[in-house]
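Chains as they are written, first to last, in this note's numbering: chain A, 1 to 349; chain B, 1001 to 1121.
It should be emphasised that the hints constitute simulated quantities derived from the structure, not laboratory data. Do not take every clue at face value.
Said to hold, decoys possible - Between beta-carbon pairs, the in silico distance windows are:
(1) A/GLY224 to B/ASP1108: 25 to 35 Å
(2) A/GLY52 to B/GLY1092: 27 to 37 Å
(3) B/SER1006 to A/LEU223: 35 to 45 Å
Note that the Cβ used here is the ideal one computed from N, Cα and C, for glycine as well.
Listed below are the residues making up each chain.
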Amino acid sequence: MRGSLTRIAVLALCLGAVAPARQAAAQVNFAIPESPAFTFLGLNPSVVSHPGTARDFMVSVTNGVDANGRVQQGLAFEISPWLYIPGASINLEAYRESFWKRLLANAQLSLGTARAAGDTGSTDVAFGLRLTILDESDPMKDWDFTAALATAMKGCAPKSPGESSLPCLDQVVSAESDKWFKQHWNDRRLSVGAAAGFRAVQSALQDRRWLGWSGWLSGGVGLGQWGQVLAQLQFDQRDSLQGAAETKSLTYGARVVAGSGGSNAFLELAGVHEFDAPAGSDAGSGRWSGGMEFRAGENLWISTGFGSRFSTLKQAEHVMLLAGIRWGFSKQARMDALRTEAQGWKSGT
Amino acid sequence: MSSTHSVKVDPSLPIDVSIVPHSPHVVVTRFWVRKPGGDWTKVDPDGDCQDGQPDTRHVGPLAPGSSVSYWLGIGGKPGSTYLVGVTVGQNGALLSGGTWLERGDTDDKGAAECEGQINLS
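Generate coordinates for the entire structure from the input sequences, incorporating the hints supplied.
Structure, rendered in structure tokens:
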């Protein structure tokens, strides 16, 4: 299919960053990047700074720029902007009652710098924003959950000043949240993210070239207690730079998973559409896959699939080809790993 | 995280210590009091701010040289920053030096704890 239609084909579940246009295989993460700026730059920084106050942030940023206005490579910041508002207060009651305060409390800003590809003297700078529009799996909105959590946490109070109760608190908070997410792992959610960047030529901030921007929209709904439908859209635009043409692409994907204690099934598909693709080239590509897994015994799950890509829903520990069909073997259900990932307190959808 | 604060009090009046959450976290509290030369004595009952409202304890009157210790257990989203205000007052008025902010991050399970000591003079 050409033009505005794209072939629907197999989607491989991939937890890495989504790269910009002209991908031979669509890769959809079904989650807004935790730090859109880093994803835009293709970074996975090992150290990310979280300056706690506006002053700390400004000091960190100014330390990243030398006296000649040249920006350092390898900077990575994440901040919750509401913490920088003097006198700001969002307690649990405000968090529950106000959509806007909840939106603000969960907003994340990211800022990163990286060496420009093909030009070691220049630095790419990106900034990003992540917003949680809806998250019905958020336990902090639920009175019953916070009441139960408070009761459990009181049991951890130390006998005397100076004693630590953190191991006990870890245990009860984990137990209460595990209980919550067993019932709410597939609740409705919707998140958006965006990132944009520029290139500082020879790392000089006063000489900038616009790189482009990316946007993400991701959401999910439950299917009873036994399944989930997830979908994601990602748009990437990159300006023409150093002889490369401008690119615009839309990556999209959907996943349906369903199952019970002893068996699970899944279907995934994704596509990429490139706008203004050169004449003669394929404007779209995609993949699909589906499969089943079932418990064959203690610590033994067997899975099989079909489609153009077998490796999806988490790689099985062992894979073999038998009678022309690929079979995977794992100690736990691959879908359980998905359910655990769905407990995205921090990253959401 | 532990902090120490000094507050001048009127030894003839009870002291109000309030824990005021400023972030979307569950906060549970425990207090102790120590008179000069004495041991720590727990103040009943334990409290919580799971509905976001302040938790206020009335202790004393206490003589100068006494101390009040508090422990806060915090629960919420993993890796999130908590903000909890502490205020010390008497007779409805805030005492000089009697307000500060406890701040930190929950761990990867979503838990944190913090304690402080208020030395009365």
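key: Hint check for B/ASP1108 and A/GLY224 - Cβ pair distance inside 25 to 35 Å   = This hint holds: roughly 30 Å between Cβ atoms.
message = Holds or violated: the 35 to 45 Å window for the beta-carbon distance between B/SER1006 and A/LEU223?
response = With a Cβ separation near 59 Å, B/SER1006 and A/LEU223 fall outside 35 to 45 Å, so the hint is violated.
key: Supplied distance hint 27 to 37 Å, evaluated on CB atoms of A/GLY52 and B/GLY1092   = holds (33 Å)
Going through the hint list in order, the structure does not satisfy hint 3, though it satisfies all others.
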